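Residue numbering for the sequence shown follows the numbering used here, starting at 4 and increasing by one per position.
I should point out that these hints are in silico values taken from the structure, not numbers from a laboratory. Only a predicted model underlies this, so the values are computations on that prediction, with no experimental measurement involved. Careful, some of the hints might be misleading.
Unchecked claim - If you anchor each label on the Cβ, the simulated ranges turn out as follows:
no., residue 1, residue 2, range
1, MET133, VAL169, 28 to 36 Å
2, ARG192, ALA125, 39 to 47 Å
3, THR41, ARG157, 49 to 57 Å
4, GLU184, ASP126, 34 to 42 Å
5, ASN75, ARG45, 41 to 49 Å
Think of the CB as a built atom: it goes at the ideal place given N, C-alpha and C, for glycine as much as any other residue.
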Amino acid sequence: MPTAVILSLFTFVVLLATALLAALGPQTLSGKVAPRETYTYRGRDYPRSWEIGPLPPVELVFESTVHYTIGNSRGALEWNSTLPSGGAVVHLGPEQRPFTVSLFHQLRCLNIIRTSIEAVYADELYDEQMSHHCMNYLRQMVLCRADTRLEPIRAIEGGGRTVSDVGHTCADWTVVYEAAEQNYREYARLTSS
Numbered sequence: 004m005p006t007a008v009i010l011s012l013f014t015f016v017v018l019l020a021t022a023l024l025a026a027l028g029p030q031t032l033s034g035k036v037a038p039r040e041t042y043t044y045r046g047r048d049y050p051r052s053w054e055i056g057p058l059p060p061v062e063l064v065f066e067s068t069v070h071y072t073i074g075n076s077r078g079a080l081e082w083n084s085t086l087p088s089g090g091a092v093v094h095l096g097p098e099q100r101p102f103t104v105s106l107f108h109q110l111r112c113l114n115i116i117r118t119s120i121e122a123v124y125a126d127e128l129y130d131e132q133m134s135h136h137c138m139n140y141l142r143q144m145v146l147c148r149a150d151t152r153l154e155p156i157r158a159i160e161g162g163g164r165t166v167s168d169v170g171h172t173c174a175d176w177t178v179v180y181e182a183a184e185q186n187y188r189e190y191a192r193l194t195s196s
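Please work from the sequences and hints to get the whole structure.
Here's what the structure looks like:
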């Protein structure tokens, strides 16, 4: 498969995921149902969202970057560092039940798709079922968020088009990372004895 096709495919996936992440605003993580005081964390008795407090809005302008590339070791290192210490898992409730946080699930899926594209390019085996799951999951998350932010389109050389750099109001994901790091430290402390 030609490099240009692979890079175009990966760029499409990254833009799709970027739109998804842009759509994540404070209103999407707060939920519409008032949280209860306590949950057992057994069966389906757990909150819809991880209750870590408000996620302040932050302005973000999406722009091209030399980071998170495909097909080189630097990009692989950057993609492999997108998850907090505990990976995509947090442990909640009295029995430390494991959950994945949607934000981390999405980032993990982007990395799985990246490694799959690199494997196809190198004519290596990859987990096709996991890649399919990730593409479908990210597609569903983009549709779920239904971001209606208008993004002006500009022409570029060669007749192509691209979305110009516009600002988005996003939820401050650093709050989620900090809470995940704290959760991992607490889980490690509880399970180390």
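> Out of the numbered hints, which ones does the structure contradict?
Replying inline: none
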